[in-house]
Amino acid sequence: MISLKNINKYYKQGEQEVHILHDITLDIQQGEFVGIMGQSGSGKSTLINIIGFLDREYKGDYVFKEDNIVHYTNKKFTYLRNKNVGFVFQNFKLINNLSVAENVALPLMYAGVKKKEVTQRVSEVLEKVGLGGYEKSIPSQLSGGQQQRVSIARAIVGNPTFLIADEPTGALDSQTSAEIMALFKQLNTLNHTTIIIVTHDPNVGKQMDRLLTILDGRLISDTEGE
Amino acid sequence: MNYSDLFKVAFKSLLANKRRSLLTMIGIVIGIASVITIIALGNGVKQKMISEFKTSNSGEQTTQITFSGKEDSTQGFTTSDIAKIKQQFSKQLTQVKFKKDSSDISVSDVSVGNATLSGTVTLLKKPMPNSKLKYGHNLTQSDLDLNQKVILLSSDYAKKIYKYSQNAIGTAVIINGISYKVKGIYKSESYTKYSANFLVSKKTYYAGKKMDQSNTLKLTVAKGNGASSVTKKVVKYLKKHGENRHLGSYSYFDEGAILKSISTIMDVLTYFISAIAGISLFIAGIGVMNMMYISVSERTQEIGIRLAVGATQKNILWQFLLEAVMLTVSGGITGFLIGWGISSVISLAIPYHIHAVVTFSNFLLAFGVSSAVGIIFGILPATQASKRNLIDILR
Ligand SMILES: Nc1ncnc2c1ncn2[C@@H]1O[C@H](COP(=O)(O)OP(=O)(O)O)[C@@H](O)[C@H]1O
Ligand SMILES: [Mg+2]
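So the sequences go chain by chain: A and B. Here the UniProt record's numbering is used: position 50 in the first sequence is 50, and no number is missing along the way. Here the UniProt record's numbering is used: position 282 in the second sequence is 282, and no number is missing along the way.
Simulated from the structure, these hints should not be mistaken for lab results. Nothing here was measured: the structure is a model prediction, and the numbers come from that model. Be careful, since some hints might not be right.
Restraint ranges, calculated between C-beta atoms of paired labels, are given here [what the hints assert, rightly or not]:
| no. | chain 1 | residue 1 | chain 2 | residue 2 | range |
| --- | --- | --- | --- | --- | --- |
| 1 | B | A372 | A | N74 | 26 to 34 Å |
| 2 | A | G60 | B | L380 | 30 to 38 Å |
| 3 | A | T189 | B | A372 | 24 to 32 Å |
| 4 | B | I294 | A | S3 | 39 to 47 Å |
| 5 | A | L190 | B | N290 | 49 to 57 Å |
| 6 | A | H192 | B | L380 | 40 to 48 Å |
| 7 | A | D209 | B | R20 | 33 to 41 Å |
| 8 | B | I294 | A | N91 | 18 to 26 Å |
| 9 | B | I258 | A | N97 | 54 to 62 Å |
For glycine and all other residues, C-beta sits at the position ideal for the given N, C-alpha and C.
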């Protein structure tokens, strides 16, 4: 489904160009549960921003569902992102003056889904992530684990083709981390959602079906999990 | 995202920062309120001019000349004056008539009780409001219509003759040889219709009285003649040939000219205040722009989140632009209402019964100008918000 060929990424840092990603070639199939590991600053976030259609300034080819997206217009590109990807971030990124339900509803609102359907769908996904009945709460009243569940609910509410999570457990204690990972696992096995998780926690990495390791912008290993 | 959602989001963001939103609105409110105030008063002056100087369908206009005698009881205009004016100005005037005075008519040789005094009479076609009555009974409409010889006495006047004003009730008052029965006592108030010493039915007062003298002359000026210039000529003529010219003076109170000059002053004032309001709105607009820039930079995270979950650049642009416009439009509407209020209060304090008049197009003006300010000064911050680089925000 996702196919990267010789991806190179450069960042301008002051006057000079820094080479961040070196010749990344990689295929991910529908339904896979993939982990990306590596030291801080190795380029993990840079890579998943490219995979998640957030960043299109790179060299190389990206073929998504048999279509080379490098030549897409900006509009088509944004549409691609909105239809196919759900994001989960390390620091949850919830809007604090909106209720839990309003936060989760955002992707559907921007997709133009009808009010009635939105309310129903939001309750469904909140139930799924274990937060049934929290619709009216304000994010800041919730614990970190609960907030991350809200952001997962938001990521899956629009039924995306794949989920991208950038260090989703980075700000949580080990107990809560385990719960969140179990939730991801459940989404993958029950709903067959493709999930790509960035982590630098080896304990988290171990639970993946497939683990990619990045060092200084190079893909150094691609192994099956145990 | 549909429009009602966009409105809700913008409204919520403005509420989240109530104090800042209100302070930013003040400039708009002041600007719009001052423009609406002056426009409403200007409208009032124009409306007054139109109603006051309505020319009849045939193009005729009426004017009045008054005579002020050196002695109170002198009646200035006579039938021979009318005949002379008609002859002299036959082309310019279609009608010359005595005007039946109806308020504060001076009368002498009035007998009240045992005394003979002079006083003032106001004539009524409609009964006095009951609230002004102090003792006795008010005059009814049928008293006025059926030539009943009844009269109301002002309490101050009654006190001069009878120690207690209520003692006057039932006694007779003789004016111009006609005897009236006192039916009630009222409280006279200066500067109102009820400031005279006596109130009598107009019909009764003029019944059987042939008008051969008056203090006011009513002229009807023929079509195509300047009403005020003709009237001035008549006044000049009367000063030379009027029968009672040695007993008093003739005057023409040119209300038209006065209202015209007020109207000119209003026009100048309108331009002046609009210019000041324009500056105020410009400064307020810059305040809006400043506030929106601050808001955009404070809400970078929100913008990033919205973009990441599916908002387009256009959605973000609209959200911030709508916020700016909602802010300025609420300021504009508030200013409109305040301006309306202020102009109504001012109109109570100025002479000639000028009412503040606010029209729907004035509302549209306030609405239009305030939304324009919102759009003009909101577009740059909103564009900046929508152009934020998602990757930089989410890092
Ligand atoms: N927007 C950017 N501009 C310049 N340099 C960047 C930018 N984003 C990331 N980098 C650099 O790219 C490298 C990889 O960053 P990142 O992908 O965030 O690493 P990771 O997520 O593995 O910690 C880092 O050295 C970082 O400083
Ligand atoms: Mg990172």
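Checked hints:
Between B/A372 and A/N74 the Cβ separation comes to about 31 Å, which falls inside the hinted range of 26 to 34 Å. Taking 30 to 38 Å as the suggested C-beta distance range, the pair A/G60 and B/L380 conforms, at roughly 37 Å. At roughly 57 Å, the beta carbons of A/T189 and B/A372 sit outside the given window of 24 to 32 Å. Checked against the hint of 39 to 47 Å, the pair B/I294 and A/S3 passes, with Cβ atoms roughly 44 Å apart.
Under the hint 49 to 57 Å, the C-beta atoms of A/L190 and B/N290, about 51 Å apart, fit the expected range. Hint check: A/H192 to B/L380, Cβ distance near 47 Å, so the stated range 40 to 48 Å holds. At about 51 Å, the beta-carbon gap between A/D209 and B/R20 misses the expected band of 33 to 41 Å. Taken as a hint, the range 18 to 26 Å holds for the pair B/I294 and A/N91, whose Cβ atoms sit roughly 23 Å apart.
Taking the beta carbon of each, B/I258 and A/N97 are about 59 Å apart, inside 54 to 62 Å as hinted.
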